[in-house]
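**Student:** Protein chains in written order, with my numbering: chain A, -8 to 77; chain B, -8 to 77.
Since the hints were made in silico from the structure, they are not lab data. Take these hints with a grain of salt, some might be off.
Capping the alpha-carbon separation at 20 Å, the derived lysine to aspartate or glutamate pairs in EDC-like fashion look like this [what the hints assert, rightly or not]:
id: 1; chain 1: A; residue 1: K(-7); chain 2: B; residue 2: E45
id: 2; chain 1: B; residue 1: K(-7); chain 2: A; residue 2: E37
id: 3; chain 1: B; residue 1: K(-7); chain 2: A; residue 2: E26
id: 4; chain 1: A; residue 1: K(-7); chain 2: B; residue 2: E26
id: 5; chain 1: B; residue 1: K(-7); chain 2: A; residue 2: E15
Protein chains: 2
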Amino acid sequence: MKYHATILIELKDGILDPQGRAVEGVLTGLGYRVENVRVGRVLELELEAASEPEARESALAIARALANPVMEVYALEALRPLQEVL
Amino acid sequence: MKYHATILIELKDGILDPQGRAVEGVLTGLGYRVENVRVGRVLELELEAASEPEARESALAIARALANPVMEVYALEALRPLQEVL
């Protein structure tokens, strides 16, 4: 069965995020009252697995493989079965 | 009051995503059965607003300001009030 997974990979708290700082500067300049802006990556993917627990395990293994363990944290934001279209 | 917002910005379906293709190649090489891998950006930020509807409106305006309307779509993935720490 196919599953759709959404994985977030973000810098750990305390790791300097220059991109987030830049975006914060832009938003503040536009008049938005924002702070602590952090920019990370989101991955959307479809994976083949026999069951939902297997899909979850596979998605977490993928997140682990793509994240830098020293600087980043990851989370499985969403996992849902994909309807097969005939 | 302060709110924490999580915003996703992703390429529209149909827009070629070279980074997603590259990640898909790596994952396939590692033995994962994945397809349609798409890589986007996630923004985490704190914003000041008088109410939750105002915070939502502000977060969506920020997402609109940061996304490229021709190539990208955005979504407010999560919005929650931040506990004030004294």
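**Student:** None of the hints should be skipped; say for each whether it holds.
**Tutor:** Checked hints:
1. K(-7)(A) / E45(B): 38 Å, violated
2. K(-7)(B) / E37(A): Roughly 35 Å between the alpha carbons, so the hint for K(-7)(B) and E37(A) is violated.
3. K(-7)(B) / E26(A): 10 Å, holds
4. K(-7)(A) / E26(B): 10 Å, holds
5. K(-7)(B) / E15(A): Holds, at roughly 16 Å.
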